[in-house]
Amino acid sequence: MAGRAMISLSAARSLLKPQNSSVLASRFGHEGPAFLVYDFKKGREVVGFGVNGEECYADHPIFPYPAIRYKRIEGPLIALKEKEKGDWKLLSKDEVKTLYRASFGQTFVEMENQNTGRWRQIVSQVLFGCSLSLFIFWLMDQYIPRELPETLSLEHRQKMLKAMIDARMEGITGISSKWDYEKNDWKK
Amino acid sequence: MFRQVIFRAARSAYVARNSTPTLCNRSPLSTSARLSSKKEETDEEFDSRYVAFFNHPDIDGWQIRRGLTDLHAHDLVPDPVILIAVLKACRRVNDIALAIRCLEATRVKCGRFEKTIWPYVVQEITPTLKELGIPLPAELGYDKPELALRDVFDM
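Chains as they are written, first to last, in the UniProt record's numbering: chain A, 1 to 188; chain B, 1 to 155.
Chain A with its partners taken away, still in its complex shape (with noise of 0.2 Å):
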């Protein structure tokens, strides 16, 4: 996760432009992704120390405290920011959610279900795998000859067993050591 984050900011520091973020906002739902803004440490307050000291945002379960916050403080986030100065019971339930999200961009739930449908992607790839392995074995079954060699036959391998008697090889351990070359039989 900390890797898609990096590669988030990467893209995002490679964006020739800052995109127009309302068309986004219609999409999304809301203000849009963190990663469309492409300066994205300007005008943010940093808040602590984060994952490894550099000031950037990235929601990591590890990590859960930024060091920076994900929203600018500007707007009506300032009104709300000098109200949350005041009593807590007196803010509203959107108003504390506004306000959570001008510090995090998501929440544990949110972050922990990213890749609920990535099972549907390893059974496919599981799946691929078995095909193609039951193909090759169509190929095999097509393409090889049923036929056993020649040499495989029982007669050229006694011809094969009697050429290396006669050549007397692995005379002391091997198979000529079992030979009697007298009685023109196996020792008994």
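It is worth saying that the hints were derived from the structure and are not from the lab.
Beta carbons are placed, not taken as given, at the ideal position from N, Cα and C, and that holds for glycine.
Honestly, I wouldn't trust all of these hints.
[Said to hold, decoys possible] DSSO-like cross-link-like pairs, simulated, lysine-lysine; straight-line CA separation at most 30 Å: (1) A:Lys89 / B:Lys144; (2) A:Lys97 / A:Lys85; (3) A:Lys83 / A:Lys42; (4) A:Lys83 / B:Lys144; (5) A:Lys97 / B:Lys144; (6) B:Lys88 / A:Lys97; (7) A:Lys89 / B:Lys88; (8) A:Lys81 / B:Lys144; (9) A:Lys93 / B:Lys88; (10) A:Lys93 / B:Lys115; (11) A:Lys81 / B:Lys130; (12) B:Lys130 / A:Lys93; (13) B:Lys109 / A:Lys97; (14) B:Lys130 / B:Lys144; (15) A:Lys162 / A:Lys183.
[As the list claims (entries may be wrong)] Pair ranges (Cβ atoms, derived): (16) A:Gly75 / B:His74: 35 to 41 Å; (17) A:Val123 / B:Leu136: 33 to 39 Å; (18) B:Asp75 / A:Gly75: 39 to 45 Å; (19) B:Glu40 / A:Val123: 46 to 52 Å.
With chain A held as given, fit chain B onto it using these hints.
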């Protein structure tokens, strides 16, 4: 390694500003290395160390996050006593988002014992939550995914 960096930063910060709260249980100014004579810390000592850290009157948001990150790295669910100190510290620095985030992190830390530990934690911290006006993540609907984020690889 991260903790070492934290502790090193904490030590230098301590030297620089004496009013900064510290998590070290030995004097940060001592130079003698006690390599094998480390005393085992009891749970009560651990809790009181963190409570003292979060109850420090001069604590700021940076320090709270440092303490919380450090606490998050331990293999434990923080005691409700610590959580109450954290919530009060968040109140002092006026950061309700941080308070909710730390509640979420605690729920995740319960792991597979969530059904037994988390209700106990909630029961213990509820008076503080009521007093400060902090909603539980579940009351905000944060027990289910609310928003979707676009995949970077689809961009």
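Do the hints match the structure? See the list:
no.: 1; hint: A:Lys89 / B:Lys144; result: holds (23 Å)
no.: 2; hint: A:Lys97 / A:Lys85; result: holds (16 Å)
no.: 3; hint: A:Lys83 / A:Lys42; result: holds (24 Å)
no.: 4; hint: A:Lys83 / B:Lys144; result: holds (27 Å)
no.: 5; hint: A:Lys97 / B:Lys144; result: holds (14 Å)
no.: 6; hint: B:Lys88 / A:Lys97; result: holds (19 Å)
no.: 7; hint: A:Lys89 / B:Lys88; result: holds (14 Å)
no.: 8; hint: A:Lys81 / B:Lys144; result: holds (26 Å)
no.: 9; hint: A:Lys93 / B:Lys88; result: holds (20 Å)
no.: 10; hint: A:Lys93 / B:Lys115; result: holds (25 Å)
no.: 11; hint: A:Lys81 / B:Lys130; result: holds (21 Å)
no.: 12; hint: B:Lys130 / A:Lys93; result: holds (14 Å)
no.: 13; hint: B:Lys109 / A:Lys97; result: holds (22 Å)
no.: 14; hint: B:Lys130 / B:Lys144; result: holds (23 Å)
no.: 15; hint: A:Lys162 / A:Lys183; result: holds (15 Å)
no.: 16; hint: A:Gly75 / B:His74: 35 to 41 Å; result: holds (39 Å)
no.: 17; hint: A:Val123 / B:Leu136: 33 to 39 Å; result: holds (37 Å)
no.: 18; hint: B:Asp75 / A:Gly75: 39 to 45 Å; result: holds (42 Å)
no.: 19; hint: B:Glu40 / A:Val123: 46 to 52 Å; result: holds (48 Å)
Of the hints listed earlier, there is not a single one the structure fails to meet.
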